[in-house]
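There are 2 protein chains.
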Amino acid sequence: MQYPTPIAKLIESYMRLPGIGAKTAARLAFFTLDMKEADVTDFAKSLISVKRDLHYCSICGNITDEDPCDICKDTTRDRSTILVVEEPKDVMSMEKMREYHGLYHVLNGVLSPMDGTGPDDINIASLIQRLHDEEVTEVIIATNATTEGEATAMYLSRLIKPAGIKVTRLAHGLSVGSDIEYADEVTLLKAVEGRREL
Amino acid sequence: MQYPTPIAKLIESYMRLPGIGAKTAARLAFFTLDMKEADVTDFAKSLISVKRDLHYCSICGNITDEDPCDICKDTTRDRSTILVVEEPKDVMSMEKMREYHGLYHVLNGVLSPMDGTGPDDINIASLIQRLHDEEVTEVIIATNATTEGEATAMYLSRLIKPAGIKVTRLAHGLSVGSDIEYADEVTLLKAVEGRREL
Numbered sequence: 033m034q035y036p037t038p039i040a041k042l043i044e045s046y047m048r049l050p051g052i053g054a055k056t057a058a059r060l061a062f063f064t065l066d067m068k069e070a071d072v073t074d075f076a077k078s079l080i081s082v083k084r085d086l087h088y089c090s091i092c093g094n095i096t097d098e099d100p101c102d103i104c105k106d107t108t109r110d111r112s113t114i115l116v117v118e119e120p121k122d123v124m125s126m127e128k129m130r131e132y133h134g135l136y137h138v139l140n141g142v143l144s145p146m147d148g149t150g151p152d153d154i155n156i157a158s159l160i161q162r163l164h165d166e167e168v169t170e171v172i173i174a175t176n177a178t179t180e181g182e183a184t185a186m187y188l189s190r191l192i193k194p195a196g197i198k199v200t201r202l203a204h205g206l207s208v209g210s211d212i213e214y215a216d217e218v219t220l221l222k223a224v225e226g227r228r229e230l
Numbered sequence: 033m034q035y036p037t038p039i040a041k042l043i044e045s046y047m048r049l050p051g052i053g054a055k056t057a058a059r060l061a062f063f064t065l066d067m068k069e070a071d072v073t074d075f076a077k078s079l080i081s082v083k084r085d086l087h088y089c090s091i092c093g094n095i096t097d098e099d100p101c102d103i104c105k106d107t108t109r110d111r112s113t114i115l116v117v118e119e120p121k122d123v124m125s126m127e128k129m130r131e132y133h134g135l136y137h138v139l140n141g142v143l144s145p146m147d148g149t150g151p152d153d154i155n156i157a158s159l160i161q162r163l164h165d166e167e168v169t170e171v172i173i174a175t176n177a178t179t180e181g182e183a184t185a186m187y188l189s190r191l192i193k194p195a196g197i198k199v200t201r202l203a204h205g206l207s208v209g210s211d212i213e214y215a216d217e218v219t220l221l222k223a224v225e226g227r228r229e230l
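If you read the sequences in order, they're chains A and B. Quick note, the numbering used here runs 32 ahead of the 1-based positions in the first sequence. Quick note, the numbering used here runs 32 ahead of the 1-based positions in the second sequence.
Since the hints were made in silico from the structure, they are not lab data. Just so we're clear, the structure is a prediction, and the values are computed from it rather than from any experiment. One or more of the hints may lead you astray.
A pair holds if it fits inside one copy or across any two, identical chains being indistinguishable in the list.
As the list claims (entries may be wrong) - List time: in silico SDA-like cross-link candidates among lysine to any residue, alpha-carbon distance up to 25 Å:
no., residue 1, residue 2
1, K77, T56
2, K68, T56
3, K193, G134
4, K41, P100
5, K105, N140
6, K41, L65
7, K68, S81
8, K121, D85
9, K222, A195
10, K77, A57
11, K193, N176
12, K68, K121
13, K77, L202
The shape of chain A in the complex, shown without the other chains (with noise of 0.2 Å):
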């Protein structure tokens, strides 16, 4: 005997989401049976809504519902500065923080010769042309601190420098709260790399 098939279909939708295998699966697909009424419409609009009504920025590759975005759009940010980062995501992340003022731009991706993606495959050019096209004094990279990242972010300091932009990159070093101990030792040459005076 197999589940009924509405059931089924919605079990192997879950299924498509990362991390959640077929155990997990059945047991948001009952959930979903006892929700509210509402709550299921709501979310089946969500998703899609999600695929309608969004898109990327033409100007920094960020996922928004208007183009340009709203930070794009914003006059009271600082043009002079760019933030580079991999995914929409980091740019929430970065917002969160409340202290940059600049704009970003989103690759969209990360160099990776293994998975085949190289500089055509995420947003570097539109970087480039807003460079020329804008007066950008600072670009600042935030790519990850992963492989992919740092020789993402090689690659762009390479590419940017020779037009006489400052190119930055992140701090390394430890978490603010953690242990000595925990920290790897990659992460701690790095944070005695980038002391700083007191």
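Dock chain B against the given chain A, drawing on the hints supplied.
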């Protein structure tokens, strides 16, 4: 700055699911953004369909897209035995075993005075009605091995036994493939109590 409205709404919907917090919900929402449009449409449709096309079988309380459900309709099944479970997914687990050919009754809940769930809140009345109307000789109680499941089993047993119907409970003991070393005391006690001659 906030997420664009469509994605914020989707994050909110994902967060209503059990075990999904703000970070996972955001990850799932961004994943949805990158999913194929057809898959997302399917997902939305199955959410709606689960609420619209599924209901409880009027006989056994299992979820079904037809009434009565496939199992209640199946004339080849042994109609003298009813196996009582808490949830529709328990029926699926039992069916996977492929060794039980009787009927089911789904309580859709469990007695739990702490949560205010009494006998009238779960499908007990309809079970008693079935025992009156049909020729049932054995009721197998397969509620979970939790405090609530045991209490429900005791309650049902006291209710059904006076009618002269055999009431049985699933055996407690060691899981097949498990180590005695890791079994808890109560399970071990039940395993010793329920020992069988070889």
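Hint-by-hint comparison with the structure:
no.: 1; hint: K77 with T56; result: both (23 Å within a copy, 20 Å between copies)
no.: 2; hint: K68 with T56; result: both (20 Å within a copy, 22 Å between copies)
no.: 3; hint: K193 with G134; result: within (19 Å within a copy, 76 Å between copies)
no.: 4; hint: K41 with P100; result: between (37 Å within a copy, 21 Å between copies)
no.: 5; hint: K105 with N140; result: within (20 Å within a copy, 53 Å between copies)
no.: 6; hint: K41 with L65; result: both (13 Å within a copy, 20 Å between copies)
no.: 7; hint: K68 with S81; result: both (20 Å within a copy, 14 Å between copies)
no.: 8; hint: K121 with D85; result: within (17 Å within a copy, 36 Å between copies)
no.: 9; hint: K222 with A195; result: neither (28 Å within a copy, 77 Å between copies)
no.: 10; hint: K77 with A57; result: both (20 Å within a copy, 16 Å between copies)
no.: 11; hint: K193 with N176; result: within (20 Å within a copy, 66 Å between copies)
no.: 12; hint: K68 with K121; result: between (30 Å within a copy, 20 Å between copies)
no.: 13; hint: K77 with L202; result: neither (39 Å within a copy, 43 Å between copies)
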